[in-house]
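One letter stands for each residue in the lines below.
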Amino acid sequence: MFIETKNLTKKFGGLAAVNKVDFHIEKGKINAIIGPNGAGKSTFFNLISGFHRPSSGTVLFKGTDITKLPANKIAGLGISRTFQTTSLFEQSTVLDNVIVGHRLRTKSNLFDAILRTKRLKREEKACRDKAMEVIEIVGLTHASDKMVASISQEEKKRTAIALALATDPEIIFLDEPAAGINSDETQGLINLIKQLNQRGLTICLIEHKMSMIMNLADHIMVLNYGEKIAEGTPKEISSNDDVIKAYLGGSASA
Amino acid sequence: MKIMNKRTGLIALFVLAILFPLIFQNDYYTHMLTLSFIWAIAVYGINLLAGYTGYLSLAHAGFFAIGAYSLGLLTVKAEMNFWPALVLACLITSVVGLLIGVIALRTKEHFFAIYTLCVGYIIYLVIDKWDGLTGGVRGLIGINAPSNIGPITFETAESQYYLVLTFLVVVIFVIYRIVHSLTGRTFLAIRNSEELAQTIGISTMKNKLTAFVLSTFFAGLAGALYASFVRFIGPDIGSTAIMFDLLMYLLVGGIGTLSGPLVGTLMLVILSQNLQFLQEYRMLIFGPILTLIIIFYPRGISGSFFDWKRKRRNQTGNVLKPIKVEEG
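Residue numbers (full-length UniProt numbering), protein chains in the order written: chain A, 1 to 254; chain B, 1 to 328.
Be aware that one or more of the hints could be misleading.
Unchecked claim - One side only, chain A facing chain B, incomplete, derived with CB under 10 Å:
#1 49
#2 53
#3 65
#4 104
Hints are computed from structural coordinates only; laboratory data are not their basis. Note that the Cβ used here is the ideal one computed from N, Cα and C, for glycine as well.
Hey, can you work out the whole structure from these sequences and the hints?
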């Protein structure tokens, strides 16, 4: 088991945003979490990536407990993520945005910076090379010198993915990668996600666009009101009564 | 071509700075410029934290005062030599900075600004009320000028000017190196989005603390130089009025740019000296200028200048060289 959550719960006041969720992610697969608005999907991501401390339950990564680790340590283990709204540095180029993504694999400190040591020069080159490599993977080589403010929404999504890739992750969590982009561009992103998966990267994504998920995911979990209501292959999910009810409303006679 | 222009411009500026006292032979101007350089060092410290890391500290006049009083007390009361006292003053300020930073950096944004404003005021109060140590409102007098380095003495206005100029150049150089390194990129990532910085594995607390301590170090250095230059210090140097002067220099010059602190400090110090005859009514001129700059040029004079140059370069269709971190 690659990533496993046991009994994972997060309460905000009296409200359980995530309630006793058992979930597992297998290595090398494309996993997806779906559910109506406010179902607790993003909270679930935040629990795994260390942004929220769970109220109870555990998160295991390759068998070790990472429940209490801070977000930056979790990133160091090889767990990376993107956000729903991309928070890139708009007044800077795509390349400059991505370079800092490899910082966690470097060691140079303040004294290296002031003295401009060999180590700093070597690591700066490593960061730049890494950035160029991941920019090529996401297909933005042509735009690497453009200001982030001047590129399209879809290119910003790709930049955010490149930034996550620059950390050398083993698994990447994508929070609604296709939100706010049109269907042609969505197809491009689907191809990119498949391509990343073929390179051996494990993927877990949250998405609203059902057609996208059904084409893409190997394994799906459905959340509703913070609880897991179904889990399985796309086929199993699309014929599950509870899921149809959750999406169409309780009174639907499906 | 571009690089050549920039480099020759910098060299010309440096030569001008060196020749200034020789050309003008006017102690008043030399004195004023030396003072602005000292303020500029403190503003560079604030800029590293507020401009590059995104944490606006309002405690730095307090750290400036800690640096000044440390040097004053060490040389006057402990009768220490200037140079070890200077090093110690910077260290003392940094240690106090570290202790305050650990707590202050648990807050963010407005809360950080308000918290540090309080810290700055408390430092001022401690200096003002601790009569036995600091001399209270009477201040500290009889601080010596920097002691000789071998045959070089620092008794004249010119020699002090060159001493302060040297420190300023070293400070700008060190900050240039930091900003254009992986450490600088890390600071910028934190300024941009702390959440995103954490997801890419950056320990935000460690880096923020580094930036905070560094900025207090520069404020302390400026304070120590001020004490030995003016030779008299009172609690007022740690007051909020000074803090907002420093902040004004930074905002007018350009927050988050390398040249901003120097440009802003020089301009406003010279302007305020020339408006001396207006006395308190000077603020009637400063107020509107500051408001207009914040509204129309939020990146200050330097920031807006470089934005404008970049835009023009893009329009003329020249191939844009990737801009490293930020120009200015």
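Would you check whether residue 49/A satisfies its interface hint, that is, whether its CB is within less than 10 Å of any CB in chain B? 7 Å, holds
Residue 104/A as chain B interface residue, shortest Cβ-Cβ below 10 Å: This hint holds: residue 104/A lies near chain B, its Cβ roughly 3 Å from the closest one there, short of 10 Å.
May I ask you to test the interface hint for residue 65/A with respect to chain B, counting a Cβ-Cβ separation under 10 Å as satisfied? With a closest approach of 19 Å, the residue 65/A hint is violated.
Hinted contact residue 53/A with chain B - closest CB pair below 10 Å: 14 Å, violated
Comparing the model with each numbered hint stated earlier shows that hints 2 and 3 do not hold.
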